[in-house]
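Number of protein chains: 2
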Amino acid sequence: MSPSANTTLVSIDDIRRAAATLHGVAERTPLMRSYPLEELAGVPVYLKPEMLQRGGAFKFRGAYNFVSRLTHDERIRGLVAPSSGNHGQAVALAAKLFGVKATIVMPTTAPRAKVAGTERLGGRVIFAGTTTAERMDKAMEIIESENGTLVPPYDDPLIIAGQGTGGLEIAEDAKALGLDEYAVLVQVGGGGLSAGVSTAIKNVTPRAKVIGVEPAGSPKLSRAREAGAPVTIASNPKGLADGLLAVRVGTLTFEHHQAYVDEVIAVEDSDLPPAVRFLLDRHKLVAEPSGAITVAALLANVMRPTTPVVCLLSGGNIEWDGLAALLTGKQ
Amino acid sequence: MSPSANTTLVSIDDIRRAAATLHGVAERTPLMRSYPLEELAGVPVYLKPEMLQRGGAFKFRGAYNFVSRLTHDERIRGLVAPSSGNHGQAVALAAKLFGVKATIVMPTTAPRAKVAGTERLGGRVIFAGTTTAERMDKAMEIIESENGTLVPPYDDPLIIAGQGTGGLEIAEDAKALGLDEYAVLVQVGGGGLSAGVSTAIKNVTPRAKVIGVEPAGSPKLSRAREAGAPVTIASNPKGLADGLLAVRVGTLTFEHHQAYVDEVIAVEDSDLPPAVRFLLDRHKLVAEPSGAITVAALLANVMRPTTPVVCLLSGGNIEWDGLAALLTGKQ
Chain C
1 MSPSANTTLV SIDDIRRAAA TLHGVAERTP LMRSYPLEEL AGVPVYLKPE
51 MLQRGGAFKF RGAYNFVSRL THDERIRGLV APSSGNHGQA VALAAKLFGV
101 KATIVMPTTA PRAKVAGTER LGGRVIFAGT TTAERMDKAM EIIESENGTL
151 VPPYDDPLII AGQGTGGLEI AEDAKALGLD EYAVLVQVGG GGLSAGVSTA
201 IKNVTPRAKV IGVEPAGSPK LSRAREAGAP VTIASNPKGL ADGLLAVRVG
251 TLTFEHHQAY VDEVIAVEDS DLPPAVRFLL DRHKLVAEPS GAITVAALLA
301 NVMRPTTPVV CLLSGGNIEW DGLAALLTGK Q
Chain B
332 MSPSANTTLV SIDDIRRAAA TLHGVAERTP LMRSYPLEEL AGVPVYLKPE
382 MLQRGGAFKF RGAYNFVSRL THDERIRGLV APSSGNHGQA VALAAKLFGV
432 KATIVMPTTA PRAKVAGTER LGGRVIFAGT TTAERMDKAM EIIESENGTL
482 VPPYDDPLII AGQGTGGLEI AEDAKALGLD EYAVLVQVGG GGLSAGVSTA
532 IKNVTPRAKV IGVEPAGSPK LSRAREAGAP VTIASNPKGL ADGLLAVRVG
582 TLTFEHHQAY VDEVIAVEDS DLPPAVRFLL DRHKLVAEPS GAITVAALLA
632 NVMRPTTPVV CLLSGGNIEW DGLAALLTGK Q
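Chains as they are written, first to last, in the numbering used here: chain C, 1 to 331; chain B, 332 to 662.
If we strip away everything but chain C, and leave its shape as in the complex, we get:
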């Protein structure tokens, strides 16, 4: 039994409540069939394009859900969030919608598109080191000195429930299509998305499988599963999938993974640019490397599916310059 098995998991009702909160505020992204991937994989393949979500990534779901549950007093003190980029944009957007201020602590290595996106939404960006720990330390320092309110990036039940709404949409759309046994490939960073999505999928369509996909250079979930508890990996992972470079999965997110994630697979960095280009050329969708990692798992044969597959595309926050650099190898 795992050490924290007494943790209360997020329930499907929590996710349904989050979906009601997000109704008319977040985009309900479609479940699109990918015929080009189907030809390669030999099974029906669907895409859940969260780059079409507000803010360009799934992160708005969790951030808005969390911020909506704060008291007025907590909100007007100002929101503070540590973020590799997408969570920051999501918090800046939620703050804007609630008419309050947001301060986002980003790594000095954050892609320009993510910094610009946050600032465009009125967020104040502060840079702090390159690691999750450095960002969190700086965020706590700001919260202390300015009396702000933390919006945690992933290890929180309201964040997990919000991210789970994307999984609920997948499960509902899959049911409407008559899918029963199918597999969902989902990104693993700190674990908020994979925790929420797996909870929704397993509760609504229990025969479906959920497969976590992490970058080979940042295998925090597979290491945690080996150890039976979250472990901290190499302190400064590098890689193209900048949204998935957490050094440790969350305590609460890990419990959800133990309950609901069937398998974890790893994708090499060199397999990411071809997947970004495939989505661009064949599906007319801009994915950031983290967002394309599930498609990379299929294209690079890391996963050979035997049932229909859903690839979650977690975000597309890469602008023209970054995309050009990525696809021409000049970055």
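One or more of the hints may lead you astray.
As the list claims (entries may be wrong) - Straight-line C-alpha distance at most 35 Å; calculated DSBU-like pairs for lysine-lysine: (1) B/K540 <-> C/K96; (2) C/K238 <-> C/K175; (3) B/K469 <-> C/K209; (4) C/K175 <-> B/K506; (5) B/K506 <-> C/K96; (6) B/K427 <-> C/K175; (7) B/K427 <-> B/K469; (8) B/K569 <-> B/K469; (9) B/K506 <-> B/K469.
Derived from the structure by calculation, the hints contain no laboratory data.
Starting from the known structure of chain C, fit chain B onto it as the hints suggest.
Relative to chain C, chain B alone:
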């Protein structure tokens, strides 16, 4: 009274029948709210992203609808289609789904992405000149010598009804959102899309306005409206919006425009690349210049809306190399 006022217009029932034919075959693309455009335009703006349609453009709707109504005998003789690119890909895809052959006659100037897309789908590509007339002549020659069956690009009731299904989806989704008075911006090439979409919009939501958008260098609809009948403009229009360079609107499509299109506006070529980039950076969608022309009309203030607006994005058939050339000015 116009010379061909006795033409039978496509009805909303024809469009509903086409929608039933396309159900489960074509993608039902979402109506997405564009908050970034809304901030600039001051009214709610929605996008209908037909680059997410099968084949990367709206054209599959009409082509599949037409091919589905052919007899088995007509189909197995092989399909022949003149096309600037997107219709060709759509016909090649429809032929593949029905297990028959397709020959596509394209201009020598067709973008590589459109040629490659057609060939990838098993279509045979034959090049003929640069004008609509040259392509049609060559197509008729092939039909005669090989006993093939023409799939017309736009001036046909089944094609118009098929393209109209995109308009039906817009009108249904607009109604569900409570929109009543709104404007739809739609591309005008040969007129199949704008004819079908305007028919659906006006029949389902009569208070909505439909505004045709054509490239300033190829003003075939505004000239036809001045003349009261289709006229042939300069024989070889050039421009970035390669899908909209027809030299004359169709006879049947023109009748639909006279009945249902409220206004026609023109967009300069120089306004197209910024719109392509805006959709890429802010909406994570790849649009070809023709597909982005409706957004260009808003960004360049050619149209200053006073009601909610829907911008149809007709297609995204530009691959990485073409996109790079367009956005870096090196083409």
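Results of checking the hints against the structure:
no., hint, in the structure
1, B/K540 <-> C/K96, "holds, 32 Å"
2, C/K238 <-> C/K175, "violated, 38 Å"
3, B/K469 <-> C/K209, "violated, 53 Å"
4, C/K175 <-> B/K506, "holds, 25 Å"
5, B/K506 <-> C/K96, "holds, 28 Å"
6, B/K427 <-> C/K175, "holds, 28 Å"
7, B/K427 <-> B/K469, "holds, 22 Å"
8, B/K569 <-> B/K469, "holds, 21 Å"
9, B/K506 <-> B/K469, "violated, 44 Å"
Consistency note: the structure conflicts with the earlier hints numbered 2, 3 and 9.
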